[in-house]
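Participant: Here's the letter readout for the chains.
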Amino acid sequence: MDNNLLEVKNLVINYETDDGNVHALNGVTLSLKDGETLGLVGETGAGKTTLARGIMRLVPDPPGKIKSGEVFFEGRDLLKISAQEMLKVRGQSISMIFQDPMTSLNPVLTVGFQIEEVVRTHNPEMKKSEVWERACQMLELVGISRDRANEYPHQFSGGMKQRVIIAIALACNPKLLIADEPTTALDVTIQAQVLDMIRALKKKLNTSMLLITHDLGVVAQTCDRVAIMYAGEIVEEGDLHQIFKETRHPYTQGLLGSLPSLAVDVDRLNPIKGMMPDPTNLPKGCKFSPRCQWATERCESEHPELRELPGGHMCRCFMTEEK
Amino acid sequence: MEEKKELLRVEHLKKYFQTPGGTLHAVDDVSFTLNEGTTLGVVGESGCGKSTLGRTILKLHEPTDGRVFFEGKDITDLKPKQMKPYRKEMQIIFQDPFASLNPRMTVGQTISESLLIQKAFDRRDKAGLEKRVAEVMDLVGIAPRLVNSYPHELDGGRRQRVGIGRVLALNPKFIVCDEPVSALDVSIRAQVLNLMQDLQEKFGFTYLFITHDLSVVKHLSDDIVVMYLGKIVEKAPAKELFINPCHPYTKALLSAIPVPDPDYQVQRIILEGELTSPIDPKPGCRFAKRCPYATDACRQGDIPVKEVAPGHTVACNLV
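Protein sequences, first through last, are from chains H and B. Numbering (our numbering) for the first sequence: 1 to 323. Numbering (our numbering) for the second sequence: 1 to 319.
With the rest of the complex left out, here is chain H (with noise of 0.2 Å):
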């Protein structure tokens, strides 16, 4: 187990606001090894940008606050590292894209300028024209002729924004890209293409990537291995045949019933009752027992761990325990 790129253990992250603490992550451990892709897929306020942000060190504080955790990263504990190491480290060793295209852009800079921005700082060694030129070749790399460097973002379209934030993120080479929700906001078409390209990137420069996302089906054409978050938790893992075909927990069942599907007819669709948990007042044992028709007393005032089932398939539920 030591070819991991990442390692998260155990990172818990609070926001201490004014109505109370909101727990956004309660103990999440992963790992992600070379060139792999990871899904982490959950809904809205499951904590999944605030792991990301975790593991960039860029949880707003106040008032965001890690409480406590690892975070390994080629054997370094981010964590741990100074605040002017930590700034080698983004954009050059991990970078992120994050979610809106439209407005993760400087509309006042070239694009060109922008992709230059992250050469220059990571090489200060490097002569102004090579600058421009790796700025260049990032651009056609992502299927945007050179010429249109000097343009500013308001002349892009959406999915041509977000080409030019996934080629600055690729500019320095690095070795882990977390991409955030990066096609949410693009049209059924657009975002096709641009997963089609973020693939064959990630391919060509042996980049590994976490993908966070809602969309089970994103998650199904891009991942290797996917993890489901709840409420701050990571509740079921597993590579895709084991999330997609051997489903163990039953909040992965609920979200994969909620989907209308395109090859089977169905008349009703199957939601989870309810709604998600109010994250200041987290309920006791299970997250998920609220909400889940299987829930036992013991669900409700014990928390279950992670555990590992066959084949490295993790689930955090009592039913996996039977026999």
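Don't read these hints as lab results, they were simulated from the structure. Everything numeric in this text was worked out from a predicted model, so none of it was measured. Any given hint might turn out to be false.
[Unchecked claim] Under 7 Å between C-beta atoms, here's a sample of chain B residues computed to sit facing chain H: (1) E45; (2) D185; (3) S187; (4) A190; (5) Q191; (6) L193; (7) N194; (8) S215; (9) H219; (10) A256; (11) P258; (12) V259; (13) D261; (14) P262; (15) L271; (16) E274.
[Stated by the list, open to error] With a cut-off of at most 20 Å between alpha-carbon atoms, the simulated DMTMM-like pairs for lysine to aspartate or glutamate come out as follows: (17) H/K245 to B/D263; (18) H/K273 to B/D155; (19) H/K273 to B/D198; (20) H/K175 to H/D34; (21) H/K273 to B/D138; (22) H/K245 to B/D261; (23) B/K306 to B/E11; (24) B/K88 to B/E135; (25) B/K239 to H/D267; (26) B/K202 to H/D267; (27) B/K251 to H/D196.
Every residue, glycine too, gets a C-beta built ideally from N, C-alpha and C.
Position chain B against the provided structure of chain H, taking the given hints into account.
Facilitator: For chain B alone, coordinates are given in the frame of chain H:
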């Protein structure tokens, strides 16, 4: 199959907007009929004019050309005052439950507002009004204790239920649903979709269901129209469309949907480029610029609409 009564007929509907850059053809020559108690799904990507279509039918936009018939009556030229009785029958559920509710009105006030405007209840008949509001809240599944809550106290799913409730209160015949579940999480989305299905069965509503999500539309609709840059490119019964898509755009759109099944393999058709501008479009097929099969004939003249199977029409030279 029993013959169902026609409720809505749209003939050659056009809506152009004047912009500094030219005329924007948002909806361009759209025709269809909608029978009572059925659901027509309208699919397309952002900017294809699907929301404008819904709004123009309800006369929230004045149509540029074309006719809209509701229950056989031409409502195209009615004045706002003459439209009022029809408003009771034709309603709309908006996309964003966070923006479409008045933040300063409680759930109860929001639901009763339309009832008062339509004079379904007398302002002094407090008890009757309260009873109707309670009924509606029960139907859409909002707990009675929330009647005095403000929208900011509710989550997205509940807000959308209020949005549906306000429409339902009037007992309309026809409801335009403009992306009613796009802003909701997966598990909540399924709850709202089920609710809308139940209500249709119970009250016989007719839906015009606008969405970009093909799997949702397949689940709910009887017929589907696919729009591209203001034009209908394909129209077919829901099942037929998924089994036998004929227009190259429909094919690409279907193959682009990520399917939540790792064993599902499709030949993806990745389209080049993006939606072209709807401002002063060139003659010929609007899709020609991105179409892998486009010929010179596609870039000029009108594209004939052909019927490939009963109820299945395609606007493409190559079919």
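Participant: All hints are to be evaluated individually against the structure, with a verdict given for each.
Facilitator: Verification of the supplied hints:
| no. | hint | in the structure |
| --- | --- | --- |
| 1 | E45 | 4 Å, holds |
| 2 | D185 | 4 Å, holds |
| 3 | S187 | 4 Å, holds |
| 4 | A190 | 3 Å, holds |
| 5 | Q191 | 4 Å, holds |
| 6 | L193 | 6 Å, holds |
| 7 | N194 | 6 Å, holds |
| 8 | S215 | 4 Å, holds |
| 9 | H219 | 4 Å, holds |
| 10 | A256 | 4 Å, holds |
| 11 | P258 | 3 Å, holds |
| 12 | V259 | 5 Å, holds |
| 13 | D261 | 6 Å, holds |
| 14 | P262 | 4 Å, holds |
| 15 | L271 | 5 Å, holds |
| 16 | E274 | 5 Å, holds |
| 17 | H/K245 to B/D263 | 9 Å, holds |
| 18 | H/K273 to B/D155 | 15 Å, holds |
| 19 | H/K273 to B/D198 | 16 Å, holds |
| 20 | H/K175 to H/D34 | 8 Å, holds |
| 21 | H/K273 to B/D138 | 16 Å, holds |
| 22 | H/K245 to B/D261 | 8 Å, holds |
| 23 | B/K306 to B/E11 | 17 Å, holds |
| 24 | B/K88 to B/E135 | 18 Å, holds |
| 25 | B/K239 to H/D267 | 13 Å, holds |
| 26 | B/K202 to H/D267 | 15 Å, holds |
| 27 | B/K251 to H/D196 | 17 Å, holds |
In summary, the structure agrees with every hint in the numbered list given earlier.
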